[in-house]
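S.K.: Listed below, chain by chain, are the residues.
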Amino acid sequence: MTLDLRNVTKRVGANLHIKETSLTLETGHFNVLLGETGSGKTSLIKLMAGLDPLASGQILMDGEDVSKLNTQKRNISLVHQFFINYPHMTVFDNIASPLKVAGMAKSEIQGRVEEAADILQLRPMLHRRPHELSGGQQQRTALARAIAKESRAVFLDEPLANLDYKLREELRDQLPELFAGRGAVVVYATSEPEEALLLGGMTALMHDGHVTQFGPTAEIYRKPANVISADVFSDPPINIGEITKQGNEAVLNGHARWPLEGEAAALPDGPYTVAIRPNRVLPRRTSTANVRLTGTVLVTELSGSESSAHFHFGDRNWVSLSAGVFPFEVGQEQEFFMEPAHCHYFGADGNRVA
Amino acid sequence: MKTVNQRAWFLVLPVLFLVAFNALIPMMTVVNYSVQETFGDNLFFWEGLGWYEQILTSDRFHAALGRQFLFTGLILVIEVPLGIIIALSMPRQGFWVPVCLVLMALPMLIPWNVVGAMWNIFTLPDIGLLGYFLNHTLGINYDMTQDPLAAWITIITMDVWHWTSLVVLLAYAGLVSIPDAYYQAAKIDGASNWAVFRFIQLPKMKNVLTIAILLRFMDSFNIYTEPFVLTGGGPGNSTTLLSIDLVKMALGQFDLGPAAAMSLIYFAITLGVSWLFYTLMTKDDLN
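From first to last, the protein sequence lines are chains A and B.
Counting from 1, position 27 in the first sequence corresponds to residue 27 in this note's numbering; the numbering is continuous, with no gaps.
For any residue, its number in this note's numbering is found by taking its place in the second sequence, counting from 1, and adding 1000.
The hints are simulated quantities; they were obtained by calculation from the structure and are not laboratory data.
Since this is a predicted model, take the numbers as computed values, not measurements.
A portion of the hints provided could be inaccurate.
[To be verified] Some but not every residue of chain B turned toward chain A, in silico, with C-beta under 8 Å:
(1) 1125
(2) 1126
(3) 1179
(4) 1181
(5) 1184
(6) 1187
(7) 1196
(8) 1197
(9) 1199
(10) 1200
(11) 1203
(12) 1204
(13) 1268
(14) 1272
The beta-carbon is built from N, C-alpha and C at its ideal position, and this holds for glycine as well.
If we strip away everything but chain B, and leave its shape as in the complex, we get (with noise of 0.2 Å):
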């Protein structure tokens, strides 16, 4: 008879601790304060669900939500298209290919909040290049401390500068790994440039755009730093996005109830989106 050997939990043991310290422990806190009414002097009321339902029948929470889905749909619609253009019309081979690649990786590597930082100076009324360009140039008033639609023009551009390069070198990863004998069938065939996309380099990139958008739907939903520096989440509330209002909500008002709700609501949306995209991105592969 053979004895069963239990040491071999000692094996998963160190990722138990990594798992629990960085990530159950914390999310646990959270759990425990969503609960609670908190007082200082360490004072706790039990709340049960009552912050949860407060959270999810507050206007102010399906506002940030429904802008917060605005943009990350908007970035989403704008990035994903032009990262694959950008991807099919860089070169395959040769010299041009690291000095692209490197074009391209270089907004990536900038510091959030350094990017906000830059869209902001850059769109300036009377200083910014961008700013000055349009408003005493073009004599287009263009203020997005005063103006929402400017606001939002100018965050959707900065999220574009900054991340549809992720789109492009996923893509582009894609497109290269896909051997020439495709092409060279396709040109047998006669197919036109539309068909060789269509039924070659799309279905063969699938699965890397599948990445690229579950990647950019998390960090764009998630996203804090650069709106926060470039707008603040105004002109009054126009670009308070979740993140932003969670924020505003835990460390302005210090509701830590009802923020520590919105956060795990926040967090079950993300997941949800982000578990329903690779379910059904993924469901033809698994049969």
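The shape of chain A in the complex, shown without the other chains (with noise of 0.2 Å):
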């Protein structure tokens, strides 16, 4: 199965939801929507799947297209952050509701409903209802809805953001191989880009209705492609600063100096923008080659054994995130120590130069 978009728009109003769109999503491989909540990644499920016109363009899956065709005809599953069943009927009837609308026989509808309910554990809570269910439960019911179906696209909007941190961690683990195999078109929307980062597959980054990247997930975030792409897929947010190139050194802020190498030596003279993710700034020098910034503790922060500052650095706010337990002081002068190998940098036009 393929899932062609052509140049889709989304209209509200006078209002562009979804600008220019285009993608081709396989099966195979989960494909992940990464951005933040409002960057449209609902809103191209719902063009995906029907349930909202395109103002232009076209979708197409296996070649043929459905741009016209409505929901149900489609053949798709969706499921929601929200855990959405009807709530007067039994696990067992949820699952099996889109196979009855579509007049499958009995017996059939009692072995692909058994079959999913055994792939996801389902199998004692058939003869219970929702609201008798954990959050967990419900969602898994969801989804067993969707394999049960047999569609030709599933479409996943934030199915884990409402559960508890173990469940969530439990459930991701076994989706991709839930899927695996069953043929169809996986996308998996998310705000989260350690998410995508763990789903891997393909992801496309999505920001102010338009996808700034789509790539093989560890390409695209070793490889930003341009400046929003780079700050979508890092969390915390990417450090970004502004550099100028004179001769083989980067001069930041006026003080901070590195030689350049490879493609970034190649550069003409000029302004650019540099990126640097968090973890490649360090409250210790690791290595000859380290540049040293100096900024202002901001806010400190530890979680379980990583350290993060937001320190003030020019007249930006950048982040540090290392290993251990580092006692940073708010307020006070910090030394960092960023590894100039692992800057990405920028054009004018915000893309990717080097």
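Need the complex rebuilt from these two chains, each delivered in its own frame; the hints are there to steer you.
M.R.: Now the structure itself:
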């Protein structure tokens, strides 16, 4: 199965909620839509699902134009952030509902429901009603419905967002194998960069109603195509600064200097934007190539085995994320060390240059 | 060892006084009347459960109770489905929402005796807009002061006009609180409009509808003002509902003992039916 979006847009009143977007989504891996709340993930999913009309463009499934087809005929499934099940039906009937509507034989329904229930460990709960289930079980019921239906495309719209931490991890580990080998295009929307990295596959980064970059998840994490993509795919937010290239040297905020190598060295002199991930800005020197930055610590956080510090640097706020517990003091000047080899460089138009 | 502080009881006292003065003490005076024969000059004679027996075996009470159940049953059967249908056809967003809501709320804002008077005049055969139209334009003999059927139709129509809005507003509140995601799920499944109503809207409206039915049951079972102004219980006794009969007995005949016993029986029936209905409707949610 392939799901092809060709120059699709969505209009609400005078506003374009989805700006011209083209994507080719395929079976065999997760297709992650990553972006913050309001970036258009749900809007795009509703377009693909046929719940909202296209303003322009085409949607193709296996080459067949489905743009005008209604939701039911597209044969898709949608799992929401909220646990959406029919309130007064048992788990069995909930899973069976799309099959019943499709007019499938009773014995076949029985088999399909039981198979899906087994995969999602819902067998003992088949005769309960949604309100008698925990949140995790309710969401599993919604997933089982998507699996039993054997639809051509499955849209998971932040399906784990309302689950508690443990359940989230458990279900997230199971998800890829649940859909493996089922032939459906799986689209997974999330606002958490970490989740995209854990799910792997392909990722489309979304910002302000359009896709800023699409490609294999690990690759676009390593090589953000533009400043916005670098920012979308980073948590805590990526550190951004303005540098001037002078000869073979980059100068940041007038005082931090480092020699440029490779592609970056070949760029013409002038102003560029540099971006570096928080985990490459550390409170200790780790190599002789390190560049020293000095800033005032604004906020510090300890989470598990990591320390993070937000500090004022130049006229921006930067973040340092380091392993271990580091005793930052708020309001104090602190030295940080950045590894220039991990810098991303962008031109005046925001696109990657090195 | 922890000492138990009893001062918290003071916090309960205001409620206790309030309930005592507005419910318990008035009700105890009724209980008091219901077990005694009362004469002028404050003479009381013990009657025991005699009045209760008399009321429960009297044909007059049975007839009034029957009319009461018929009235309440009819208005529930009409108002609840009608209210749901109107709520379903109201817009969910946009300019017309407040317009619809205000239109719906209007009948409920009119004082009850005014509603009775309005419908009385409205249906008068010679000067009422509806009465004149029916009698003189359509040639249908319609006079609720003569014909029990006409009186019943008028009384029911009046209540439907006055109170369907309550069901509409509650059902509408239930409908708008259903997240869009449910409708999307139904769309994806290809569920019909009927299936959406049966499996999403109705279950999601269950709680508000329970309240709506309960309120309509209690209000219609205790209804007095509107039919009293409209028909005064006539023609004959054909629209003498329980409360009208009770007032006749207590204030018309000044039979305080039987009237007190009847009040308590009346109260017990209202309470019992409400309790039974509520328990049945919510028993699913409890376990």
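S.K.: Determine for every hint whether it applies to the structure shown.
M.R.: Going down the list of hints, with the structure as the test:
At a threshold of 8 Å, the smallest CB-CB gap from residue 1125(B) to chain A is about 50 Å, leaving the interface hint violated. With its C-beta approaching chain A no nearer than about 53 Å, residue 1126(B) sits outside the 8 Å limit, and its interface hint is violated. Hint status for residue 1179(B): holds, given a least beta-carbon distance of 6 Å to chain A, under 8 Å. Contact between residue 1181(B) and chain A, as hinted, is supported at the beta carbon level, the nearest pair being about 5 Å apart and thus within 8 Å.
Checking residue 1184(B) against chain A: minimum C-beta separation of about 5 Å stays under 8 Å; hint holds. Interface hint status for residue 1187(B): upheld, as the beta-carbon distance to the closest one in chain A is roughly 5 Å, under 8 Å. Interface hint at residue 1196(B): violated, since its Cβ lies 10 Å from the closest Cβ of chain A, which is beyond the 8 Å cut-off. Annotation: interface hint on residue 1197(B) violated; nearest CB of chain A at approximately 12 Å, more than 8 Å.
For the restraint placing residue 1199(B) at the interface with chain A, the shortest Cβ-Cβ distance is roughly 5 Å, inside the 8 Å limit, so the hint holds. For residue 1200(B), the interface hint holds, the least distance from its beta-carbon to any beta-carbon of chain A being 7 Å, beneath 8 Å. The restraint placing residue 1203(B) at the interface with chain A holds, with a minimum CB-CB distance near 4 Å, inside the 8 Å limit. Satisfaction of the interface hint for residue 1204(B) is found here, the shortest Cβ-Cβ separation to chain A being roughly 6 Å, below the 8 Å cut-off.
Checking residue 1268(B) against chain A by beta carbon gives a least distance of about 33 Å; that is not within 8 Å, so the hint is violated. The closest approach between the C-beta of residue 1272(B) and any C-beta of chain A is roughly 28 Å, which is over the 8 Å cut-off, so the hint fails.
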